[in-house]
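Heads up, the sequence shown is in our numbering, so the first residue is 1 and it goes up one at a time.
Hints in this document: simulated from the structure, not taken from any laboratory. Just so it is clear, the structure is predicted and the values come from calculations on it, not from any experiment. There could be a bad hint or two in this list.
Distance condition first, Cα-Cα at most 16 Å in a straight line; then the derived EDC-like pairs of lysine to aspartate or glutamate [to be verified]:
{"no.": "1", "residue 1": "Lys103", "residue 2": "Asp119"}
{"no.": "2", "residue 1": "Lys31", "residue 2": "Asp58"}
{"no.": "3", "residue 1": "Lys125", "residue 2": "Asp86"}
{"no.": "4", "residue 1": "Lys125", "residue 2": "Glu88"}
{"no.": "5", "residue 1": "Lys31", "residue 2": "Asp43"}
{"no.": "6", "residue 1": "Lys30", "residue 2": "Asp43"}
{"no.": "7", "residue 1": "Lys103", "residue 2": "Glu66"}
{"no.": "8", "residue 1": "Lys51", "residue 2": "Asp9"}
{"no.": "9", "residue 1": "Lys125", "residue 2": "Glu82"}
{"no.": "10", "residue 1": "Lys41", "residue 2": "Glu66"}
{"no.": "11", "residue 1": "Lys51", "residue 2": "Glu111"}
{"no.": "12", "residue 1": "Lys103", "residue 2": "Asp58"}
{"no.": "13", "residue 1": "Lys30", "residue 2": "Asp9"}
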Amino acid sequence: MVSLDVYNDNLCLWWCLAVHRGARTDCCTKKARTLAQSFYKLDAIPPNVRKMSLDELDKVEAHLNEGSPVSSWLGIHVYEPERLLDGEVAWHLRINPNPKLKKILTIGVYEGHAFLIKDITKLAKTYSCSHCWQRFTQSCHLQRHHQTCEGNSNLLPWDKSGSATDGLQESDVPPEGLTIRSSGVVAGARSEALENPHPPRNAWAWG
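With these hints in hand, go ahead and build the complete structure from the sequences.
Below, the structure is given as structure tokens:
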């Protein structure tokens, strides 16, 4: 783990995006601030900039994907850890992007902060659906379950009928302002989870 949680500027999501886009962990400040400035439409980031909430991630995705073909669209997986009564840590999938997207950023959230997950399969042993609480031992099984679990919707925005998107071409550029619907409202944006506030190995953290 490369821990960068010494930052306390509420830009943790933007740090994750900057590194995911190729910035080095030891010099990604400028890139993170540039991404945030572009989203907020600001000339400079104020010291008291508000935190980004999870239910605003669809707006972030729309901003980052605007004008790009679907084949290059970014989707964001969001996991949140919770320590269970038996001491086991379960990772809840809070947001699951549309499975048609191939360019994926995976982040974790804990106590209001985001951290970049390099490989969720090396980080977690137990995964849990945040809607029905069914458990899985592989992240891919949870992600597939999340597609059909009652109450979820991660359809592409032009799928008004809820039908499959077989006709979608990777070169298609959707109308401006449209984004991918992530999996509904985040339930419990904070968990009273891990006793250790620092993310485990295979994760980078910003605060």
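We went through each hint and held it up to the structure:
1. Lys103 with Asp119: Holds. Lys103 to Asp119 sits at ~14 Å (cutoff 16 Å).
2. Lys31 with Asp58: violated (21 Å)
3. Lys125 with Asp86: Holds, at roughly 14 Å.
4. Lys125 with Glu88: Status holds; Cα separation ~9 Å.
5. Lys31 with Asp43: Judged against 16 Å, a Cα distance of about 14 Å means the pair holds.
6. Lys30 with Asp43: holds (13 Å)
7. Lys103 with Glu66: holds (15 Å)
8. Lys51 with Asp9: Holds, at roughly 9 Å.
9. Lys125 with Glu82: holds (12 Å)
10. Lys41 with Glu66: Between Lys41 and Glu66 the Cα gap is close to 15 Å, so the pair holds against 16 Å.
11. Lys51 with Glu111: holds (12 Å)
12. Lys103 with Asp58: holds (15 Å)
13. Lys30 with Asp9: holds (13 Å)
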